[in-house]
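So the sequence lines, in the order shown, correspond to chains A and B.
Note that my numbering gives residue 9 to position 9 of the first sequence, counting from 1, and the numbers run on in steps of one.
Note that my numbering gives residue 33 to position 33 of the second sequence, counting from 1, and the numbers run on in steps of one.
There's no promise every hint is true.
Below, a list of computed lysine to any residue pairs in the SDA-like style, where the Cα atoms sit at most 25 Å apart [what the hints assert, rightly or not]:
#1 A:K2 x B:F88
#2 A:K102 x B:R96
#3 B:K14 x B:R96
#4 B:K70 x B:K14
#5 A:K42 x B:G16
#6 B:K57 x A:T62
I should point out that these hints are in silico values taken from the structure, not numbers from a laboratory.
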Amino acid sequence: QKEVEQNSGPLSVPEGAIASLNCTYSDRGSQSFFWYRQYSGKSPELIMSIYSNGDKEDGRFTAQLNKASQYVSLLIRDSQPSDSATYLCAVNMLKSNFGNEKLTFGTGTRLTIIP
Amino acid sequence: DGGITQSPKYLFRKEGQNVTLSCEQNLNHDAMYWYRQDPGQGLRLIYYSQIVNDFQKGDIAEGYSVSREKKESFPLTVTSAQKNPTAFYLCASSIRRGSQYFGPGTRLTVL
């Protein structure tokens, strides 16, 4: 089992609809969870971070965390063509003595918004 | 403007050469990281540093070396011992317990 698992896609969603991206992780002790957006040929851009169970909303984006089931999801409401990108899920799998976080990344889900 | 810069954007290496990738940040972040990304794969951690003059190996450190002489700078050297260095290299930084932010990346190609 991969430590952080995502469906590679491609996931196609009509413009204006809700895009739902999922991520599961293997380490039950994981503490922090992140979603990054990566356009083709560019570096990842942080969209959301979530640390506790439940939902966290930021504009059109909502991150959902369920630690008991070991999954985290990202919902994109009112999807736009500019949302077409690869979305990377990252999980804190280890805490160092200094408190910084070593992240483990999934391979990403490629999302395409169809106009 | 605060941010993370990486140079060069594109780098070509001949077989047997060592090359150094630059990463600088003016965000006053304590921690810095180097990742490698290959097509169809997630980011893999090469090295990370939490404070000046200290760094730890990540998951794929063989064939790479780093230094952290200044808080702002974390250069990565790809040595000739790295057998398959062609990849997209990403530098990131963070405050303690904070989210990681990425630089624009360096695309390395072996000729």
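Tested hints:
1. For the given pair, K2 of chain A sits about 22 Å from F88 of chain B by alpha-carbon distance, which is consistent with the 25 Å threshold.
2. Restraint check for K102 of chain A and R96 of chain B: the C-alpha separation of about 11 Å stays at or below 25 Å, so the hint holds.
3. With a CA separation close to 38 Å, the supplied pair K14 of chain B and R96 of chain B exceeds the 25 Å bound.
4. With a CA separation close to 29 Å, the supplied pair K70 of chain B and K14 of chain B exceeds the 25 Å bound.
5. Between the alpha carbons of K42 of chain A and G16 of chain B the distance comes to roughly 28 Å, so the proposed pair goes past 25 Å and is violated.
6. Pair hint K57 of chain B plus T62 of chain A does not hold up; C-alpha atoms about 34 Å apart against a cutoff of 25 Å.
Going down the numbered hints, you'll see the structure goes against 3, 4, 5, 6, while the others check out.
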